[in-house]
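Two chains, two separate frames, one set of hints: put the complex together.
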Amino acid sequence: MTTAQTDEVVKEQGAPVTPSDQRERDRMRRRLARRRGGGWWPYLFLAPWFVGLFGLTIYPMLDSLYLSFTNFDLLTPAQWVGTDNYERMFTDDPVFWDSVHATLVYVVVSVPLKLALALGVAMLLNRDLKGIGLYRAAFYLPSLLGGAVAIAIVWRQVFGGDGLFNDFLGWFGIKGQDWISSPDTALYTLVLLAVWQFGTPMVIFLAGLKQLPKDVYEAAAIDGANSVTRFFRITLPLLTPIVFFNVVLQIIDAFKTFTPAFVISNGSGGPLNSTMLYSLYLYKKGFTDLQMGYASALAWVLFLVIAGFTAVNFIAGRYWVHYDD
Amino acid sequence: MGHQISRRTLFRTASGLAVAGTLGGALSACGGGTGAGSTSSDLTMTWWGSDDRHAAYKKALASFQKDNPKIKIRETYSGYDGYFDKFNTNIAGGSAPDLLQMDTALVAQYARKGVLAPLDSYVGNSLDLTGFSKTLLAAGTVDDKLYGVPSGIGVNQLTVNRSGLEELGLQLPDREWTWADLKKIATDVYKKSGGKTYGVDDGGGGTLQAFEVFAREHGETFFSDDGKKLGFTPDTLQEWWEYWADMRKANASPPPAITSAAHNDLTKNAVVIGKALFTFDSGVYGAGGSITDAQLDFLPTPQGDFSGAREGNFVNGGVLLSATKASKKVADSVKIMDFFAQSETAIKDMQLLRGIPPTEKARNLIASGLTETDKLNMENADYIAQRVSKASNALPAPVPPPQGADQIWDLLFQSNLAVAFGKKSIKAQLGEFFDQAAGILGG
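Residue numbers (the working numbering), protein chains in the order written: chain A, 1202 to 1526; chain B, 244 to 686.
Just chain B, same shape as in the assembly (with noise of 0.2 Å):
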C-alpha cells in the first residue's frame, strides 16, 4: 500500500485546506482602502424609506428628468437597516452615491470627516431656500457650513390607536399631557382590555422621542456642545428609569420580551402587533398589522409634572439631502435639492412622506390633498413647532449629534433591557451606562 496516499496523509491534507480556505476568507474581508467617488456617467441617488416613500420619489424624479434629459439619475434605495452600512462601505470602496437623503443625527460625523459637500456657494443661485426657517436649517448645518437641504420639520410625537382607545371607552388626552397623565391612561387601558392590551410601549430605552425630550425638561442636554461627553446627569436617568420600572409594573407598558422584538423592526411594533395603544415609534402607520383599518392620532411627547419643568420638545429638520464631497456631478445633485425643495410637482408628490414641509407655501400646496391620518398629524406637529418657538424656556434644538452617537442609542435601549429583564438593578446599570458612554464619546 505504499504508493497510495494513506488516509492519514488525505485527512490531514483536506483539513488543512479547509482551514486555510476558511480562516483566509475571514480575514480577507477586513482588507479595504480608500477611494475616489464614482466614474459612471449616471447621476447616482439613494435613499430609504417606506414603500411609499420609494413610489413618490421615484414619481417625482421622473417629472425632473423629464425637464432635464441631460441629468440621467439611478436610483437605490432600502429600508433604514443597513443603508448607513452600505454608505460607508461605498465611500471606502470609491462608489458612493452623488446624492443621497442623509439623517440629522448623522450629518455632523460625515461632514466632519469630509465625505460631504458644503452647498453654501450655491444657495440663492441655483439653490433656493426661500421659505426655510434658521432654526430648521440648523439640521443641516455643521460648524457653520451647510452640509443638507432639510425635507420638513421633524418633531418628536406619540403615535395614538385612537379607534382602540375610543373602543375601551377613553378619551385621548389633552395635548397639553403630562408623565403622570400618561401613566394614567396607559394603566387605564390595560385595566380596561382585561389584560389584553399594554398602554404605551417602554419608552425607557428611547432616545429622540422619549429621553432626550426628558432631559431637556431637566435644562439638560442629551450631548454636550462639543459632544465630547454625554449632557445629562445620572440623577436624571435614574429618574427616568424609575419611571420605566413603574410602567411595567403597573402593566402599563409590555414586558422586555415585546420591547426586545420591536428593536430596529416597525412591523413588531407594540402597537402594530395590538399590544399597546401608545408609542414612541414614529412612522408606524403605514406599517399594517393591527392598527391598518384603525384611526390614528398623534401627541406630543407628554412633559412636566414637576416643579421647574422646561418646554422639552424641540423642532429639527426631517432628513436631508446631501452631496457627496467627491462626486463630479455636485451641481446636478444641488438642481435635485432644489427641485424638493421648491417644485410645485415635488412637493405634491412627496406630501408628508419626509415629514411636515419646510416652508408655509409647501404646506398650503398638499394641505387639500391629505388623508385625515396626514391632517393630524399635521396639526399635531405644528402645535408643537408654534409651542417651542412661543417657550421662553427651551433649550436651544440640539447640536447636531457626535460619532458614536448611535452606540450611545443602543446602549441606552440595551440598558434599559437589561434592567427590565431583570438582568441588572438601576443602580448598577446606571454605573455601565456612564463607564461605557464616555469610553464611546471619548475613544
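Excised from the complex, chain A in its bound form (with noise of 0.2 Å):
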C-alpha cells in the first residue's frame, strides 16, 4: 500500500476520526447479517403469534365493530342499520340499564372488598412460619376454581333455600331466606364469589411484600411506630405500584364476569334482572336473541367504558402511586 493512496482514501471520507466510521461500520455489518438471511426468519418464529394476532383477535374485532351498525341474526346475511344498535341502546332498552346498573354495583363493590382482603391475607402470610407455604397454597386454592362451573353451581346450592348457609344461620337462630331467588340479595352472593377468589391479587401482593425495605420497618421501630402507623406509613405507600396493577386488573376482570352470573341465575340474569352482569346480557341478546348486531354494539360500549376506566385509573394514578426509583 502507498500512502498516497491511504491519504486519497482518508481525503474522500472528509475526516480520518471515528464517529461517523464507526456508524458506517454498524451498517455493513447490519446489512451483512441481512443478506445472510437475518432479515426475515425471525418474522418465520413470531407466524404462529401473528395468525393468532390478526386471526383471531385483530380480525374478529374489526369484524365486530362493522356487525355493530347491522342488523345480523346469525342465519342470514347482516344488514347495514347505521347507529341503530348504540340508540336504542341508551333511549329503547330498560334491562340494557338494569345490566349496567347490576354491573356497576358489582364492579363497585366486589372489587374494593376484594382488593381489602386481598392484602390483609397476604400480610398474614408474608411472615417466616413453618409450613407458611402450605397456608399460602390453602389460600389460593379458591381462586384456581375461580371461573369454574362447578363452583358457581355450588354457590348456587350454597345460598339456595334449604342450602348450606340458612343451615349455618339456623344455628343461631337466624331463619334465612332464599339468597340466590329473591331480586335484593342475588346480586350480593356474586359478589360474595368474586371476593372470596382474592387469590390472585394476594399472590401479587405478597410479591411485592417481600420486595419492601427492611431497613425502613427497622428505623420507624426505633422511632417507636407501632404496626398500624408503620401499614398507613410505610407498608401501603411503598405498595401503591402494587396496589394500582392490582385495581386496574381487577376492574377490568370485574366488568367482564359472565361464567357466576350466567350458571348462578341459570342464564336467565334474574331474579328481575338484578344479576344481568354486562357480559351475560350479551351473550343473552347475541345467542339467545339472534341479535348479533346489537350484542356486537354493546360489546363495543363495553370496550370503550372499560378503555375508559383505565385511563381514568392511569390518570388517577399520577397522584396516589409512589415509584421508588
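All the pointers check out, no bait thrown in.
Capping the alpha-carbon separation at 20 Å, the derived lysine to aspartate or glutamate pairs in DMTMM-like fashion look like this:
#, chain 1, residue 1, chain 2, residue 2
1, B, K666, A, D1385
2, B, K471, A, D1490
3, B, K302, B, D285
4, B, K518, A, D1363
5, B, K435, B, E410
6, B, K471, A, D1294
7, B, K356, B, D469
8, B, K666, B, E482
9, B, K472, A, D1294
10, B, K329, A, D1490
11, B, K356, A, D1490
12, B, K666, A, D1294
13, B, K572, B, D363
14, B, K472, A, D1293
15, B, K667, A, D1294
16, B, K377, B, D363
17, B, K439, A, D1368
18, B, K666, B, D678
19, B, K492, B, D424
20, B, K472, B, D649
21, B, K670, B, D489
22, B, K377, B, D346
23, B, K471, A, D1293
24, B, K471, B, E675
25, B, K309, B, E587
26, B, K471, B, D386
27, B, K666, A, D1299
28, B, K667, A, D1299
29, B, K667, A, D1385
30, B, K313, B, D575
FYI, nobody ran anything at the bench for these hints, they're computed from the structure.
Written out as C-alpha cells, the structure reads:
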C-alpha cells in the first residue's frame, strides 16, 4: 500500500476520525447480517403468534365493529342499519340499564372488598412460619376454581333456600331466605363469590411485600412507630404500584364477569335482572335472542367503558402511586 | 440503575398488555360469519330431553341403523337449557346438525329464516304421515309448507300430586273445573297442611299452560295472526295478575322466591320440592324430588266461571323433527322421521317420551305397556283433545309464535315476578309490559 492511496481515501471520507466511521461499519455489519438471512426468519418464528393476533383477535374485532352497525341474526346476512343499535341501547332498552346498574354495583362493591381481603391475607402470610407455603397454597386454592362452572353450581346450592348457609344461620336461630332467588340479595352472592377468590391479587401483594426494604421498618421501630402507623406510613405507600396494578386488573376482570352470573341465575340474569351482568346480557342478546349486531354494539360500548375506566385509573394513579425509583 | 427496567415501566407494560389481552377477548368473541352445512360423512342428529328420552332415542336409532347400515348417525343430546343457543351458534359456524328435534314454538322463526328444509315433496313418498290429523300437522306447518313432523299430541295440563292431596283428605277436582275451583282447593291445601304446603305454583307468569289458555277463554289469542302484535288486551292481563295476586295473598300460591328459583329449572319446581301439589309445568314426573314415590295425576287447565267463557284449551304437536336446509342428507333425515312416525319399534321405544303418540295406531301399540302415571297422562290428554274437537266456540289452534316470542314469554314471567316481589304495582307493570312487548315484536 502506498501512502498516497491511503491519503486519498482519507480525503474522500472527509474526516479520518471515528464516530461516522463507526456508524458506517455498523451499517455494513447489519447489511451483511441481512444478506445472511437475518431479515426474515425472526418473522417465521413469530408467525404462529401473528396468525393468532390477526386471525383470532384483530380480524374478529374489526368484524364485530362492522357488525355493531348492522342487524345480524346469525342465520341471514347482516344488514347495515347505521347507528340504530347504539341509539336503541341508550334510549329504548330498559334491560340494558338494568345490566349497567347490576354491573356497576358489582364492580364497585366487589373490587375494593376483594383487594382489601387480598392485602390482609397477604400481610398475614408474609412471615416465616413453619409450613407457611401450605397456608399460602390453601388460600390461593379458591382462585384456581375461579371461573369454573362447578363452583358456581356449588354457590347456587349453598345460598339456596335450603342451602348450607341457611343451615349455618339456623344455628344462631336466624331464619334465612332464598338468597339466590331474591332480587335484593342475589347480586351480593355473586359479589361474595368474587371476593372469596382473592388468590391472584393476594399472590401479587405477597410478592410486593417481600420486596419492601427492611431498613425502613427497623428505623421506624426505633422511632417508636406502632404497627398501624407502620402499615399506613410505610407499607401502603411503598406498595402503591402493586395496589395500582391490582386495581386496574381487577376492575377489568369484574366488568367482564360472566360464568358465575350465568350459572347462578340459570342463564336468565334473574330474578328481575338483578344478576344480569353486562357480559351475560351481551351473550343473551347475541346467542339466545339472535341479535348479534346489537350484541356487537354492546361489546364495543363495554370496550370503551373499560378503556375509559382504565385511562382514568392511569391518570388518577399519577397522584397516589408512589414509585421508588 | 439507569440500565434496568424501572418498576414503573414494568407495571405500565404489564397493565397495558393485560388490558389489551382481556379487552380483545371480549370483542373478538362476537365476530363470526355464516357458513354452509356440515361436511362430515355422518348424519348428525340432535335433540333435547330427559335421560329417559335420551335412552329411548338411542335405543330406537340403534334398531334403525341395523336396518339401514349405510346411514351412519352421530347423536348429540342435552337438556333444553342452552339447546337453541348451541343450535344458533352451530348454524352460524356452518356446523348445523342434519336432523334435529325442533320446538313447535320456534319452528316458524327458523323456517322463515330459511334454516329448515321443507318436507312436502317427501310426504306420501318416503315420508308416510298416514293417521296424522290436519290440526296436528299444523304444528309443523309454516306458510303452508311442512317443516317438521310432530312427535305427538301436546296439550296443556296441570300435574297433580294426588297422593299428597289424599293425605290431606282432599279430592282430586273434576276435569271440568274452573279458576274458582283451583283457588278453593289450593287454599284448602295450605290450610289443611298447617301452612307447610302451598296449593299451586304461581301461574301468573306462565305462558303456554296458563295465561294463553286464559286469554283464549276471553276470545283473545296470545299473538295476533300476523305475529306482529300481541293478541290480548291489557284488561285481560290485569284480570289475570289480580287473580294471582289474590292467590299469593291467600297462600294458595307460594311466595316469589320459590317461583323465581323454579324458573328454567324443573328440579326446583314447587311440586318437585314438596312446596305445592299442583303445577303448570309439564314434565315434572321423572324430575325426582318429593314426588318420586307419589301417585301423580293430570288435569286440564281450568277454565270458565265468568260469563261468555269459551273453550280455551288447544292441541299442539309435542315436539317436531326437522331437517336443516344446508344439509346434504335431507333424504336420509326424512327416512329417520318416517321411522319415528310409523315404525312399531320406534313407537314402542319412545312411549310417551315425546308426547302422546300422534296416530290411533301408535296409541294402541303402546297402550298395554304403560305405567299407571303414563296411562293417566294419556287419558287426560285424550279428554282434552276430545273436548277441544267438539267445542263449537274454540278459537283455531294458535299460529306458530313469531320471532321474539321467547322474549315476550320471559317478559311475562319477569313482570309477574316484579308484581309478586312488590317492586311494581299491577297497573305500572301493565304499562311497562305492553311498551316493551311492542318494542320486541316491532323491532
